[in-house]
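K.L.:
Below are the chains, spelled out letter by letter.
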Amino acid sequence: MTNIIEAISMNKKVELGKDNELHILKDVNLEIEEGEFVSVMGPSGSGKSTLLYNVSGMDRITSGSVKFKGREIGGLKEEELAKIRLKNMGFIFQDINLLKNLSLIDNVMFPALVSKDKDKKAGHQKAKKLLEMTGIEKLADHNITQASGGQLQRVGICRALINDPDIIFGDEPTGALDSKSTEEIMSILAEINKKGTTVMIVTHDVKVAAKTERILYMVDGNIVAQKKMRKYDAQHEDIKEREESIMKWLVENGF
Amino acid sequence: MFLKIIKNDFYRKKIITGTVFVFITMAVLLGASATNIVANLIQSMTELQERAVPADITQMHSGKYNQGEIDKFTEEQRENIEMQETMVLLTLDGSNIHFGKNQTMAGTVQDISFVVQNKKFDFILDLDNEKLDIKEGEVAVPIYFMEQYDLKIGDTITVKSGGDEKAFVISDYARDFEMNSSLTSSKRFVINQNDYDEMLEMQAGELEYLIEFKLNENGDSQAVQTAYIEAGLPANGPTVGGSIFLLFNAMSDAAVVMVIIFISILLIIIASLCIRLTFLATIDEDLREIGVMKAIGISKKDVKNVYLNKYRVMSVAAGIIGYLLSFVLVYLFNGNMRLYLSSDLSGNLKYLLSLIAPLFVYFMIVMYSKKILKRIDKISAVEALRSDIMERGKNRKYSFRLLTNKFFSTNIYMGLRDVWKRFKLYRLLFFIFVVCTFIVILPLNMYNTMNSPEFSTYMGIGKSDIRIDLRRTDTITEDFNKLQEELKNDSDIEKYAAYITSSYQVKNAEGSWDYMNIETGDFSVFPLNYLEGRAPKVEGEISLSYANASKDGLNKKVGDEVVVKVAGTAKTLKVSGIYQDITNGGKTAKANTSLSINEEAVLWYIVSMDVAQGVDIREKMDYYQNTYESAQINDIKEYTQQTLGNIIDQMTTIVIAGIAIAILIAVLITALFLKMLLSKDMSQIAIMRSVGLTSKNVKHQYMAGTLLVLTLGIIFGVLASNYLGEFLVSMAMSTMGAAKIELVNIAWQTWLLCPLALIVVVGYTISVCCKVTEEDDLSVVFKS
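In the order they appear, the protein sequences are chains A and B. Sequential numbering from 1 applies to the first sequence in the numbering used here. Sequential numbering from 1 applies to the second sequence in the numbering used here.
Honestly, the hints are just simulated from the structure, not real lab data. Heads up, some of the hints might be wrong.
Computed cross-link-like contacts, DSS-like style, restricted to lysine-lysine with a CA-CA straight-line distance of at most 27 angstroms [claimed, not checked]:
no., chain 1, residue 1, chain 2, residue 2
1, A, K129, B, K13
2, B, K300, B, K371
3, B, K463, B, K574
4, B, K370, B, K160
5, B, K370, A, K83
6, B, K397, A, K77
7, A, K231, A, K69
8, A, K100, B, K675
9, A, K83, B, K371
10, A, K138, A, K121
11, B, K304, B, K370
12, A, K138, A, K69
13, A, K13, B, K771
14, A, K77, B, K771
15, A, K87, B, K675
16, A, K100, B, K680
17, A, K129, B, K300
18, A, K121, B, K421
19, A, K83, B, K740
20, B, K482, B, K507
21, B, K119, B, K135
Non-contacting residues of chain A with respect to chain B, defined by C-beta distances greater than 10 angstroms in every case (computed) [stated by the list, open to error]:
no., residue
22, D19
23, E33
24, Y53
25, D59
26, P111
27, K118
28, H142
29, N143
30, D171
31, A176
32, K227
33, K228
Virtual Cβ for every residue (Gly too), placed ideally from N, Cα, C.
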């Protein structure tokens, strides 16, 4: 298997003011293989989200190296990074982050129109199909004020998928959802992963992490432990057991 | 504590606060300048009036007259008349006055006369407002000529008549209350009595009389005028009331004041809109703070005060700066006033009056801020902390789907549809662009109108290539006949028409007799645009100027009857039409040739002509000028330009100032607007960038939106200046006698040059200001 993401000695520092620098990521090394379903856990302020944003090129690392599909992205120009985000990556946020003045389906098809890979009609068809897949096709022409948080998060997922990305990043995608919605969103993500798309999410929730196949545990800007599991198979595996084993592992690592 | 919040707020929003501050300052600056100019105008006019003691009634007359009869009349009217004096004008043709290197004053449309200073009243003053006292061999030249011919003190002017000539050294400039303005068609040169007598001997020029009356404090001007005419005293020229001189003197400065006040009000509106925009743009951010303040128990009133104090502090500072700067600005504007009205404009009234502006602006701004801040009342602490309050309740039908876009790239389309979706936000910018276009195009149209041959319409004359004026020489009738004969045989002349203006008695609204100038001739040759009705065609018809037909004049409508005394018998004429005329105080009339001419009271002859195709107008003008030395030969444009004189100069200043102000406002507001819009949209921009848009893509969206607003603004601005502007100008000009001004609109200027200039300037501003920060980490925005 080839690595889709490879970070070596990655550092991220943020200047908060005069003589006040925050060292968030400290010499982090990380490899994510194509098709993997990875979750990042750790206490608040440990640098989970920062890790996500830095390996995705959304933020710029202070030193070290980050490669996406073997290509160094640390020093890329803004335009090239934007192009990678548009065509190869998808993002899902806790706050959903949809465009206010667009309907749900327009939010989904917007990246397709900008990328110009498909013609407009094909983009629209694809968006419709994705909404169908996530079960919200009836809301296609609604404004974002006319949908619930869970529904909006599905729109976010559809948007992330519209350009057939190689990887999807999720920053606590279920953080603001109830347990039923969380369940549904995680099933969708698992489904996507099954089809070959790499997924990397940050989460606080053991139930969410239990559905991924590798867990990175971060403390103070370092990945201090990793837990590798089989891909979760809902039909043949008891989720409770997975959750318990993760909990135990987390406690062992000082959670 | 509150001061600290204000200080922090200022540092946080430097550019926004700075721009609002600049607008408030500019509003105060212009407001204070306008009131300052008004104060100066009142003060200098009062002073000039006190020193010059102008006549309340001036009767012009040429030909025989008997002073004894006038003295008798004055005695009879003692209850009304305080003083009487007759000024004898030695009227010369401009071509007889030489100056510089072989130059003459032949080109002027003004009547030139040499006079000796009056003894009792209607004094002509020097630039220090002292009574002119001219020594032998010297002359004081009117300011109008000093400007037109660039005459300097110490220069020599020579009067030539027949074989004789007399030289004068210019010792002073004459500030003449009654005849300062270019709108008054006569100008007086002041000389010494001995020189005057010598000129009489030389038989240079014609004699004309100004029979002037100074009334008692409560003297009845109308009664004196009626009694004068009833007494059959000499009166074959126009009668002019004192108020006309006052109006003419104040006209050009008053126009400037009106424009400045107008711009100042606009600036107050702009400043208010900026405050609103600031509030709208930062409310999401501020709401949290308001919520926190409310949550920790600070009262509504105190919360409001935090915000209000910011604008209070700003208004006070802007008020002080604007007030002080206004004294510098006024100096630039009142050059005309210093020259024509008073060189010394010191006086205390202006310091007090200009204080009105900063106080007014302060209260306007504070009141407006209070109104906006009322929203705070409606926000509970919890709501405020949850924020996004501005976004709620938007369940409008979805329009402008991305799929329906057929013509534009997705980013351009996003920009355009944003204007539609958030027009409330963009409307400030739209309003500003309308205003900017308006203040460029309207003065430009006015300037073009004044400079166009069509302006003759408002001066009661039809459009022709050349106009020849014959006035007051011994050979006037002879010349007139000879000229007509020559024109008849001149194949270069396509058509011509001769007009005779003479003075007639006309029955006024009260039933007594007034004098009125009536021009007779064939008015179908050079047709004039009529407000109502048409030109007099047949016997028994008369057309009246707008001012003459108005309530202040004869109060007549088309179809009404006017009684005119011709050669002793009263004739009833029917009003065939009403036209516009700003010359001769606006009160003129026209009648068909069939109305007999009052031979004794002929004032002037005019011949209008069009040259045949291919004939050089200039050459033709030179030919007739050489043949008829005493005639004034002008092309129509020249004629209107000289009559409007410094009003056109003032207009040029206003056009330039308008362009400068428009550009300044457009650039500042566009920059401010974009800055605020971008900061308001920070999270939406971050979302777009996170899905793969480059900063350039985002920039294109905002550029498309702003340029759309600009284009709409320009279109509405041009339409507004063409329609609303025309209405405003007509309203202002109706006091002068022109009630329906049609602005000349030069298409390539209004629809191409000005819009293009605005688009280039604003476009550049947009491309500079529309910088989406690239360096920041995107996550910073999401986390904030």
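K.L.:
Taking the hints in turn, state whether each one holds.
P.N.:
A quick look at each hint next to the structure:
1. A:K129 x B:K13: Answer violated: K129 of chain A to K13 of chain B is near 46 angstroms, above 27 angstroms.
2. B:K300 x B:K371: holds, 14 angstroms
3. B:K463 x B:K574: Within the cut-off at roughly 25 angstroms; holds.
4. B:K370 x B:K160: violated, 73 angstroms
5. B:K370 x A:K83: violated, 48 angstroms
6. B:K397 x A:K77: violated, 40 angstroms
7. A:K231 x A:K69: At roughly 22 angstroms apart (the allowed maximum being 27 angstroms), K69 of chain A and K231 of chain A satisfy the hint.
8. A:K100 x B:K675: The hint holds at about 20 angstroms.
9. A:K83 x B:K371: Status violated; Cα separation ~47 angstroms.
10. A:K138 x A:K121: Holds. K138 of chain A to K121 of chain A sits at ~19 angstroms (cutoff 27 angstroms).
11. B:K304 x B:K370: Given that 27 angstroms is the threshold and the Cα spacing comes to 8 angstroms, the pair holds.
12. A:K138 x A:K69: Given pair K138 of chain A, K69 of chain A is violated - Cα atoms ~37 angstroms apart, limit 27 angstroms.
13. A:K13 x B:K771: Distance of about 25 angstroms is within 27 angstroms: holds.
14. A:K77 x B:K771: holds, 16 angstroms
15. A:K87 x B:K675: violated, 30 angstroms
16. A:K100 x B:K680: holds, 13 angstroms
17. A:K129 x B:K300: The given pair, whose Cα atoms are some 51 angstroms apart, is violated under the 27 angstroms limit.
18. A:K121 x B:K421: Holds, at roughly 24 angstroms.
19. A:K83 x B:K740: violated, 62 angstroms
20. B:K482 x B:K507: violated, 35 angstroms
21. B:K119 x B:K135: Between K119 of chain B and K135 of chain B the Cα gap is close to 16 angstroms, so the pair holds against 27 angstroms.
22. D19: holds, 20 angstroms
23. E33: E33 of chain A is indeed farther than 10 angstroms from all Cβ atoms of chain B, at 24 angstroms.
24. Y53: violated, 4 angstroms
25. D59: Non-interface label fails for D59 of chain A: nearest chain B Cβ at 4 angstroms, not farther than 10 angstroms.
26. P111: violated, 5 angstroms
27. K118: Non-interface label on K118 of chain A holds, nearest chain B Cβ at 12 angstroms vs cutoff 10 angstroms.
28. H142: violated, 8 angstroms
29. N143: Check fails; 6 angstroms does not lie beyond 10 angstroms.
30. D171: D171 of chain A not clear of chain B: closest Cβ-Cβ about 8 angstroms, inside 10 angstroms.
31. A176: A176 of chain A clear of chain B: closest Cβ-Cβ about 13 angstroms, beyond 10 angstroms.
32. K227: The assertion about K227 of chain A holds, with a minimum of 26 angstroms to chain B.
33. K228: K228 of chain A clear of chain B: closest Cβ-Cβ about 27 angstroms, beyond 10 angstroms.
Checked against the numbered hints above, the structure breaks hints 1, 4, 5, 6, 9, 12, 15, 17, 19, 20, 24, 25, 26, 28, 29, 30 and satisfies the rest.
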